[in-house]
Amino acid sequence: LAKTTQPISMDSYEGQEVNITCSHNNIATNDYITWYQQFPSQGPRFIIQGYKTKVTNEVASLFIPADRKSSTLSLPRVSLSDTAVYYCLVTLSGTYKYIFGTGTRLKVLA
Amino acid sequence: DVKVTQSSRYLVKRTGEKVFLECVQDMDHENMFWYRQDPGLGLRLIYFSYDVKMKEKGDIPEGYSVSREKKERFSLILESASTNQTSMYLCASSSPGQKRNEQFFGPGTRLTVL
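If you read the protein sequences in the order shown, they are chains A and B. For the first sequence, this note's numbering assigns the number 4 to the initial residue and increments by one for each residue that follows. For the second sequence, this note's numbering assigns the number 490 to the initial residue and increments by one for each residue that follows.
No wet-lab data here; the hints were simulated from the structure. Just so you know, even glycine gets a beta-carbon here, dropped at the ideal spot from N, CA and C. Do not take every clue at face value.
[Claimed, not checked] Covered stretches of chain B (chain A as the covering partner; in silico rule of three or more C-beta atoms under 8 Å from a C-beta of chain A): (1) 506-519; (2) 563-573.
[To be verified] Straight line, CA to CA, 25 Å or less: simulated PhoX-like cross-link-like pairs of lysine-lysine: (3) A:K100 x A:K6; (4) B:K502 x A:K100; (5) A:K55 x B:K588; (6) A:K100 x B:K542.
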């Protein structure tokens, strides 16, 4: 059964690129990886999803290497408002299995 | 603006009480979810519904049941609340297919069971 692991916390400075990795063993070719952002007292908010190689949208990029043992959320040029907890989600294709990671607390410093 | 609303932000109940948590979405989504969120454990899926009157167990369904009589409403029921059910409960909804992972979450209900 797939399991996801994330670093507990990370610090960064404004303007830097931040990469947060999610390790997930035993995921299949069509299993999706999704990332969410959560601020205090709010529900998580969707950032990006993909199932292979690289996906980019207006706020982030998602990299999934060929071995699919991990995925990386990349946030370009973070600002103080990016301070939040970031969760990865693995969705097993053809099932109703949704497996969230334990979250990475990102703190952006001035 | 799309919205998922939950009936209460904070709830305090006593052990053994029957507890109802309500969730309503206005996006006409087929999928609805109930998660609980605990420190160090992330979000864990309790139940999932992909259509009216349809439900699937998640990873931790024990002690919970759900009801989906209308498309926009998904209720989580704690039949007999226990202290280990003290947690943050999050409801979410999504469209089917590839969009199912783009879940829209409510603000959460923090339940304390005394």
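Hints the structure violates: just list their numbers, smallest first.
Numbers 1, 2 and 4, in rising order.
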